[in-house]
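J.: Sequence:
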Amino acid sequence: MSEGRAFAVMADGLTYAGLEWGDPDGYPILALHGWLDNALSFSVLAPFLSGYRLIALDLSGQGLSDHRSSDATYHIWDDVPQLLSVVATLGLDQLAVLGHSRGAAIAVLLATALEDRCSQLVLLDGMLPRPTPEESAVEQFLQAQRDHCGLSKHQPRLFDDVEGFVNARVRLGFSEGSAWLLAPRALRETEDGWALVHDPRLNHSSAVKLSPGMCSAFYSAVTKPTLALVAEEGLRLRGGLEASLGAVSEIANCCVVTVPGSHHAHMEEGAQQIAEQIATFIGQ
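Mapping of the sequence shown onto numbering that gives the first Met the number 0: position 176 corresponds to residue 175, and the numbering continues sequentially without gaps.
FYI, nobody ran anything at the bench for these hints, they're computed from the structure. What you were told as hints is all true, and nothing was included just to trick you.
Using C-beta positions, here's what the derived DEER-type ranges look like: (1) 24 - 147: 41 to 47 Å; (2) 232 - 166: 19 to 25 Å; (3) 204 - 24: 39 to 45 Å; (4) 194 - 77: 22 to 28 Å; (5) 145 - 25: 43 to 49 Å; (6) 145 - 50: 47 to 53 Å; (7) 176 - 278: 20 to 26 Å.
Since we're looking at a predicted model, the values are computed, not measured. A virtual CB, placed ideally from N, CA and C, is assigned to each residue, including glycine.
Start from the sequences and build out the full structure, keeping to the hints where you can.
T.: Following this line, the structure appears as C-alpha cells:
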C-alpha cells in the first residue's frame with residue numbers, strides 16, 4: 000500500500016479530490032473506483048504499477064470529492080462531463096482508463112466519450128449495469144421518485160468507532176484489510192461518532208437504466224483494446240451476473256481474463272497479479 004500524492008481538480012463547480020502514484024512522467028492511467036469506495040482502493044495496486052502515472056479520483060459524492068447539488072442525480076453518466084474536464088485540466092492527451100465495479104460502468108462511457116484520446120480500457124470485475132427490460136421502465140422510474148421523496152427522512156449512519164465501519168464492510172463481503180484501507184476517505188468524525196461521508200443519493204434507484212439494446216450499442220462503440228479482468232469469486236458468483244459479464248465480449252477488441260479472488264481482489268491478495276496483467280496489456 001502507498002499513500003500517494005493528494006490533489007484536487009475543479010470541474011463545473013465541483014471539486015474532485017484524488018491521489019496519484021508512480022512516475023509523474025509515466026503513461027497516465029485514470030482509475031475510477033467502485034460504488035461507495037474511494038481513491039484509496041487503488042493504493043494496493045499502485046506499487047506494482049510504479050512505472051505509470053496512476054491517477055485515482057474520488058468520484059462525486061464519495062470520498063473527499065464534492066456532493067452534487069440538491070437537484071442532481073448520480074446516474075453512471077452524470078460524472079462523464081466532469082471527468083472529461085478533469086482529463087483536459089490534467090493535460091492528458093492520451094491515457095488508459097481503468098474502472099472497478101460501478102467505476103467500470105462509468106469507464107465504458109468515459110472511454111466512448113474520450114474517443115481517440117483513450118488508448119486502452121481496463122475493467123476490474125465490472126461492466127455496464129445489468130440491463131433493464133423496457134417493460135420495467137415505469138417501475139424503475141417510480142422507485143426513483145419514492146427514493147427521492149424519502150431523502151428528507153434520511154439519518155446519516157453513525158459508528159461508535161472506525162472498527163464499527165470495518166465490521167459493517169466485512170458483513171458486505173470485504174476483507175478487514177480492504178475495509179480499513181478505505182476508512183480514511185469514507186468517514187468523518189463528528190460529536191456523535193463516525194459518519195459516512197458519501198451522498199445518500201448514491202443508494203437510490205436510477206430513474207432510467209440502460210436497456211439490453213443500449214448496452215450492446217455502447218459495447219459495440221468501444222473500439223480501443225479492452226481488458227476485462229473477472230474475479231473468480233466476484234460479481235459472476237456473488238451477483239449472479241454471468242450474462243452481464245459475458246456481454247463485454249461484444250467489445251470488438253476485448254480480452255477477458257479470469258483472476259483469482261473476490262470482487263475486491265485488486266485491494267487484496269490478487270493485487271500483484273492484476274497489476275501485472277494491466278502492465279502487460281497497456282505496455283507503454
